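Asks: Based on the sequences and whatever the hints tell you, model everything.
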Amino acid sequence: MNVSRIAIAGGVAASAVVLLAGTASAHVSVQPQGAAAKGGYATVNFKVPNERDNASTVKLEVSFPADHPLASVSAQPVAGWKIDVTKSKLAKPLDVHGKKINEAVSKVTWTAEGDGIKAGFFQQFPLSVGQLPEDADQLVFKALQTYSNKEVVRWIEEPTEGGEEPENPAPVLALTAPVEGAHGAAADDKKDDHAAEAKKETAATETASSSNSDSTARVLGIVGIVVGVAGVAFGVLAGRRRTAA
Numbered sequence: 000m001n002v003s004r005i006a007i008a009g010g011v012a013a014s015a016v017v018l019l020a021g022t023a024s025a026h027v028s029v030q031p032q033g034a035a036a037k038g039g040y041a042t043v044n045f046k047v048p049n050e051r052d053n054a055s056t057v058k059l060e061v062s063f064p065a066d067h068p069l070a071s072v073s074a075q076p077v078a079g080w081k082i083d084v085t086k087s088k089l090a091k092p093l094d095v096h097g098k099k100i101n102e103a104v105s106k107v108t109w110t111a112e113g114d115g116i117k118a119g120f121f122q123q124f125p126l127s128v129g130q131l132p133e134d135a136d137q138l139v140f141k142a143l144q145t146y147s148n149k150e151v152v153r154w155i156e157e158p159t160e161g162g163e164e165p166e167n168p169a170p171v172l173a174l175t176a177p178v179e180g181a182h183g184a185a186a187d188d189k190k191d192d193h194a195a196e197a198k199k200e201t202a203a204t205e206t207a208s209s210s211n212s213d214s215t216a217r218v219l220g221i222v223g224i225v226v227g228v229a230g231v232a233f234g235v236l237a238g239r240r241r242t243a244a
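All letters in the sequence shown, in the order written, are residues 0 to 244 by numbering that gives the first Met the number 0.
By construction, these hints were calculated from the structure, which means they are not laboratory data.
Hints are not guaranteed to be accurate.
[What the hints assert, rightly or not] Within a straight-line C-alpha distance of at most 35 angstroms, the following computed DSBU-like cross-link-like pairs (lysine-lysine) qualify:
#, residue 1, residue 2
1, K58, K106
2, K86, K141
3, K141, K117
4, K98, K81
5, K91, K106
6, K81, K91
7, K149, K58
8, K99, K58
9, K141, K99
10, K99, K81
Model, not experiment: these values are computed from the prediction.
Replies: Spelled out as structure tokens, the structure:
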């Protein structure tokens with residue numbers, strides 16, 4: 000009997016741990032569609048679960064990292080939500096494809112125009128972002144989640160070195176190694192390759208032109224010789240005719 004009670008108590012405790020773990024892990028997060036390669040562009044989704052039984056999520060504010068500003072940020076429309084994009088002046092302009100960028104997106108806000116995210120549901124908010132930094136392994140976005148009862152949950156705590164997840168972790172976007180064809184270092188390498196190919200093609204064209212010129216000169220020279228020989232022969236024949244006359 001005691002053994003049964005202990006087993007039941009253990010099962011209840013284990014269930015509680017699972018439920019608590021599930022609750023703790025249900026926070027605002029960010030994931031790329033595919034890979035988020037350094038130096039490239041990516042489409043990312045901010046996933047927002049509703050953690051309250053008595054309120055809906057009616058607003059999400061995402062702040063962008065100031066140490067790695069993103070020059071290009073565009074939002075995909077989400078039905079039932081108003082989107083506001085806030086830009087700020089940069090302390091140091093960005094050089095993007097030879098163009099100076101003096102401001103970048105500092106915050107994107109989604110505000111529900113209806114009931115928002117109800118209890119037991121989640122919503123994804125897509126963004127197209129770039130150019131991703133080449134000198135960072137991750138980007139940390141700080142988010143504020145507002146409920147219909149005026150409660151605000153601040154998902155702003157950055158990851159710790161020990162690897163333990165904080166109570167209110169900020170969304171973190173992990174960056175992968177650059178890929179061929181992406182904007183950035185790989186693209187620069189590709190440009191260098193194109194430049195080398197262009198030089199080869201130019202050299203080949205010049206060689207072909209030089210060869211054609213040489214061939215033309217040779218033909219003209221041969222024609223000149225033939226004409227000269229014909230002229231001499233004609234002169235000799237004419238001289239003989241005069242002598243015979």
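Asks: Determine for every hint whether it applies to the structure shown.
Replies: Structure-based check of each hint:
Between K58 and K106, the direct Cα distance comes to roughly 13 angstroms. Compliance with the 35 angstroms bound is thereby established for this hinted pair. With a C-alpha separation of about 16 angstroms, the suggested pairing of K86 with K141 holds against the 35 angstroms cut-off. Under the criterion of a C-alpha separation no larger than 35 angstroms, the hint pairing K141 with K117 is consistent with the structure, at around 22 angstroms. Note on K98 and K81: the hinted pairing holds, with a Cα-Cα distance of about 31 angstroms set against a maximum of 35 angstroms.
A distance of roughly 18 angstroms separates the Cα atoms of K91 and K106; the hinted pair therefore holds under the 35 angstroms criterion. A distance of roughly 31 angstroms separates the Cα atoms of K81 and K91; the hinted pair therefore holds under the 35 angstroms criterion. Of the supplied pair hints, the one linking K149 and K58 holds, its CA atoms being roughly 10 angstroms apart against a limit of 35 angstroms. Restraint check for K99 and K58: satisfied, since their Cα atoms lie roughly 33 angstroms apart, inside the 35 angstroms limit.
A distance of roughly 27 angstroms separates the Cα atoms of K141 and K99; the hinted pair therefore holds under the 35 angstroms criterion. Between K99 and K81 the CA atoms are separated by roughly 30 angstroms; this keeps the pair inside 35 angstroms, and the hint holds.
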